[in-house]
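Asks: With the hints as extra help, turn the sequences into a complete structure.
There are 2 protein chains.
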Amino acid sequence: MDTQDQNIHRLPTPPLNRILAPDSIAIIGASADPTKRGNKALQGLLNGGYQGEIYPINPKLEQILGLQCFKDVDSLPQPADLALICTPAYTVPEIIRQCGSKGIAGAIILASGFAEMGGSGSELESQLLKAAKDSGVRIIGPNTSGIFNLHKNLNLLALDSVSAGEIGIISQSGNMLLSLVLEAADNGHIGFSTYVGPGNQSDLGFSDYLQFLAEDPNTKVATFYVEGFTNGREFIDQARKVSLDKPVVVYKSGSTEAGQKAAASHTGSLAGSYQMTRDLLQQAGVTVVGQSDEILPVAEGLALMQQAKGNRVAILADGGGQATIATDRIAEAGLQIAKLSDHTKTQLTKLLFDQASVINPVDVAGSTDANPQLLSQCADILLQDSGVDMVFLVGMFGGYSLRFAKEMHQAEMQTASDLAELTRSQPKPLVVYSLYQPVKPEPLRLLRKQGVAVYSSIEQAVQIMVALAGRGRHIQKSALLEIPLPLAPDHASTELLQRAQDDDRHPYEHEAKQLLQNYRVDVPTQRFINQVSDLDNLPSTLCNQPLAMKVVSRDILHKSDAGGVRLNLQGSQDLKQGYDAIMDSCRTYQKDADIAGVIVTPMVAKGVEIIIGVSRDAIFGPVLMFGLGGIFVEILKDVAFRSIPVSRQDAWGMIDQIKARQILDGARGEQAIDKEALVELLLTTSRIIETHPEISELDLNPVIAYPTGYAIVDARIIADQPTTTAQEKIA
Amino acid sequence: MDTQDQNIHRLPTPPLNRILAPDSIAIIGASADPTKRGNKALQGLLNGGYQGEIYPINPKLEQILGLQCFKDVDSLPQPADLALICTPAYTVPEIIRQCGSKGIAGAIILASGFAEMGGSGSELESQLLKAAKDSGVRIIGPNTSGIFNLHKNLNLLALDSVSAGEIGIISQSGNMLLSLVLEAADNGHIGFSTYVGPGNQSDLGFSDYLQFLAEDPNTKVATFYVEGFTNGREFIDQARKVSLDKPVVVYKSGSTEAGQKAAASHTGSLAGSYQMTRDLLQQAGVTVVGQSDEILPVAEGLALMQQAKGNRVAILADGGGQATIATDRIAEAGLQIAKLSDHTKTQLTKLLFDQASVINPVDVAGSTDANPQLLSQCADILLQDSGVDMVFLVGMFGGYSLRFAKEMHQAEMQTASDLAELTRSQPKPLVVYSLYQPVKPEPLRLLRKQGVAVYSSIEQAVQIMVALAGRGRHIQKSALLEIPLPLAPDHASTELLQRAQDDDRHPYEHEAKQLLQNYRVDVPTQRFINQVSDLDNLPSTLCNQPLAMKVVSRDILHKSDAGGVRLNLQGSQDLKQGYDAIMDSCRTYQKDADIAGVIVTPMVAKGVEIIIGVSRDAIFGPVLMFGLGGIFVEILKDVAFRSIPVSRQDAWGMIDQIKARQILDGARGEQAIDKEALVELLLTTSRIIETHPEISELDLNPVIAYPTGYAIVDARIIADQPTTTAQEKIA
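Quick note, the sequences are listed as chains A and B, same order. Per my numbering, the very first residue in the first sequence carries number -9; after that it's consecutive. Per my numbering, the very first residue in the second sequence carries number -9; after that it's consecutive.
Worth flagging that the hints you see were computed from the coordinates, not collected in a lab. Please read all numbers here as calculations on a predicted model, not as lab measurements. It cannot be assumed that every hint is accurate.
Since the list can't tell identical chains apart, any single copy or any two copies may satisfy a pair.
[Unchecked claim] Lysine-lysine pairs mimicking PhoX-like chemistry, simulated, CA-CA at most 25 Å apart:
| no. | residue 1 | residue 2 |
| --- | --- | --- |
| 1 | Lys329 | Lys251 |
| 2 | Lys299 | Lys335 |
| 3 | Lys335 | Lys467 |
| 4 | Lys665 | Lys340 |
| 5 | Lys26 | Lys396 |
| 6 | Lys251 | Lys581 |
| 7 | Lys649 | Lys627 |
| 8 | Lys665 | Lys627 |
Replies: Set out below in structure tokens:
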């Protein structure tokens, strides 16, 4: 695969490159005590073979570990690229200023006792940040475990057993890094490039580190363990660009309320909705991993194979049991069991025993027991089938010589070589599950060394294929991406919003609908009425049909509860009675309610109930939500989120994502609803939000969708900062 | 934990004990060729140190591997307990007869070429089975990989690297066994007791092997890899008894349609609905594992810890990241994050640093870095909290001396000892996840050796806790089990079924409802009418309200499609018009339809639509299904199954199991529906099916459930073997 070329861009932009791949480093608070961090870091640098300059700084010592020691930052012979600050929190702001004066580009602050402690810690962090801004020094941390860049032999964590490779890793948990390192060492993995513990992210944060990893030629996959985003919007904007060139993997903790509480007590991070976070990350092309034990396997798989052009998998098995399990997992994961061409089947039949199954899953049924080289020949045939996007080799390859006869070792090694050559000579992924992987026999080690992904769990291997296909689909979709431009601001709409704000209220329902209509959204005919006599002068479009009447009041939020809604009114008499009844009920419900009038609108026909909503998330900015109404949203939480602006592809993706999508396709003998119209409505909603930053929330709930078009039954806009009324405060 | 005593029953009943724990074994088709199975088995017995008698049988040899060889079965000096038959398929029936004459109890038949091949193979298998029945020899296989019983040093598979332990394993895939063995060897596990490859199960099958494992004192958990059950009913009946004393773990492949096809081509097994199979197994107390890489971890966890009395987990962590992940997984899995008592929190506070969190998850926040022994003290405190059912130790225990200082090794070993002592001295499970498990440091090896479960994946560890809590809950529920007796047969109902059968048709809707009413099920008033004039004489209970009228015809299966349903009829005129309209429509729909008449019944009020159904499954026998109607069944497949007879607990379990259960509790401002009434309806349905074996299907669809009671809108009974009409054959 030509991913090597794909991923070498220019060298990382300074100053991040200078900081994270430094040629010189000052250890401030260097120590002669081997248990202290200021000594361990030096040991790590020396043992790791760091080739840059090392400047220990300690006013009381001449030498540490054979290195000349400096009194203070100012005494350094040259400005170091990076400073590692091992001194207590209170000393840090002043040290940062000294670093700035000396021209040091960045500093890692290990000390805790900053914002994560609250109170005076937050105050200290403000001072730190001011010092950093004044002096131009960029900050990693504070409260970080440090960094490594193994391609520079720079290992400030003094971790043993971590080898240089292609996985870049940013982790908000030091233990999580350690866990991945130990897992990787055990698996004989492809190694790590750069690690950063972001700590409090007071200056540099996730999106900066993502940018570095994106530009770092030694990194093939950017991997994140995240407890909470601080600026999620910046991260997804960055990820959207990066993910087209390089896989980005995120494990986001706090998928449950209990987990969010635990994360908050650990890092002080705000969590936000997990489901929303996942949707927005995926929208940006990020591979979101749901299980912590899949982080490393998925990152490795993406580093090795980058992407698959489609989701059709051919299974090549030498045992029926595992073939079945693989088939179940692939189907459950939403991948396709590839339909093999007749040509492929004919070729396989020529190679294999009569009892072999050449229908996917291909089961060699003993054909390879004496000749494992048939496996690479079969894999070759399958990879050449244009209906196959990935090949999954399942079974005991690697253990043939252990299982059957020692003499087969050479043939098995040759097979491993041939399989590796297959992955190099064509772009389709080959993923290997071997039940012998726990004992790591030589053929499997050879495969791995030559860049073939080998897994000891069918379930994990399938997750890797899901990730490869997902990334491939995202890249293809992105090539066609159509993001409509923001709409030109409509003067009447701006005025309408302004008028509501001047009036110290949010727009009324009929105003919200009017605004939508101004932007060419299809809105049912409506008439705002504020005196009963106006009911005699309804436009002809509203006559001779059953009408709905709804109270319009800044104070009445739950119209139905207040008796503020009357349905199926027809004729002048009926309407007037309805008007009076609404006024009576609402006055009874709330004596002093400010009632502006009512709106009158046609009853809508039955259809499929839809909800569309917009909110401005504190972490991710404006977000669009789509779901089916009623129990689907309220009980099954079956909704999709996308960050605004949404592309046409995103809008279709939202509709395809919900579990109840079959209902939109016309389940139970109903006609399919008009998805195109909903896509247009989603796009226009997104564009309105871009055009009107003063709108903080917009809800179309419900929208009734039909085989042709839709009807917006209720619309609600919350605009910025009107003073809330007493009633709203109570509610 | 006192599981040791719990599990030692009497010794296994002969003849299964004689066959699977034999004191003497004949190898029929013993060979001098070391690549042949008839030689490998002998090597396996000799190398494994089998202490019983070994009788190689080969007419051409005097000796094999130093053992005296016998000409034929008849020449043996005594009847062997077991024969391993390594000869080709066609020779087997005759050999079985010889074994029977000699008094051999059982035979393992390795050869394939029987029923799995179809055609003449099936014929041969019939001959084999006849030989077995005639001669009294019990059969393992044919087409099996063999067996081992490691506590007898009997290893007919000649597998290396498998150690004796407490997991009994029955696997329809030899590769799956091999995979578990290699995984276990790598993990330093608790070992295996007995393995059987059931092969074609022509005689002995899953339920027999389950019985053996239940009675085998060396087995602490019975584990099954199943591609397809042949007699599922027998297995669940057996499992219901066994699971109260000993954990039973099943991985059932074919969870998807694609997987079922693959399994069918592998074993020829019928698959059946995966969801139904899972529900019925769980009803019988079986732990159903959904992922193949969780089979061994779950089996090990259950073997070591047997059960938990509840689902409240206390997490004890030395790192925030993993504490959060553990919390997420526990909450997602439906376990509870235990609420710690004030006493517990006070005691923890005394032991730990100020910054530690003593709210679950407990995060020691560095307190143990210099003193790991605090971990066992904290675990002790948590285990003593009556609000805690399990303790989950999460983090880097086992690696303290590697991470911090070599000097801590002794303290860490002591901690491991103390933790092990804690698990012995009280019954609550302690589950350990360590990120150092991949490198297997000494403290973790000590823990494992002393019977503490140590895992390298948080996700797997949580699955073990789910299994422990699930088994505990099942055992508690079983102690209270209330299975109502079958109903006394109602004479009128029996006659009604007989009348329909005499008439060569299934019961009509009104007859089905009458039958239900005969068994005191609440059925809406109904009147069967077969001439229009009878509409003048409706009972008073049907007058003065809107009525529904439905055609009654053996030929019209889809009443609405035929125009055979009229709703909201009121008054004599309306009813007569409705009657005529139905007759007209149905005649138009099908000219020659045999129309018996119509039923008239009140319109039912709105409520929650329920479906209850009974079918007689080919593999599992009579099965009851419960679900919410409409999209829930048709699109979301949100249904629950139980094998009949259902207990009261089962019926409640069905209602609690469905994902949309909130709707029954009164979502969206509605009142909760009458679950008690539904439970009674489910129980009565189950009892009717027991009373009337001639009923093969019963559908109540829909039933409308209300805050008080329910209304059965439609009922359908399919009784055994009426001749189908031409119309049905076409449909």
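Asks: Hint by hint, say whether it matches the structure.
Replies: Each hint, compared with the structure:
1. Only between protomers do Lys329 and Lys251 lie at most 25 Å apart by alpha-carbon distance; the minimum there is 14 Å, versus 47 Å within a single protomer.
2. Taking the closest pair of Cα atoms, Lys299 and Lys335 come within 25 Å of each other only inside a single copy of the chain (22 Å); across copies the shortest separation is 54 Å, beyond that limit.
3. In this assembly of identical chains, the alpha carbons of Lys335 and Lys467 never lie at most 25 Å apart, being 32 Å within a copy and 53 Å across copies at closest.
4. Proximity of Lys665 and Lys340 under a CA criterion of 25 Å is satisfied in neither setting, with 48 Å inside one chain copy and 62 Å between copies.
5. Taking the shortest Cα distances, Lys26 and Lys396 sit within 25 Å of each other only across copies (15 Å), while inside one copy they are farther apart (52 Å).
6. Taking identical chains as interchangeable, the C-alpha atoms of Lys251 and Lys581 are never at most 25 Å apart, the minima being 42 Å within one chain and 69 Å between chains.
7. In this assembly of identical chains, Lys649 and Lys627 lie within 25 Å of each other by CA distance both inside one copy and across copies; the values are 10 Å within and 11 Å between.
8. In this assembly of identical chains, the alpha carbons of Lys665 and Lys627 lie at most 25 Å apart whether taken from the same copy (21 Å) or from different copies (24 Å).
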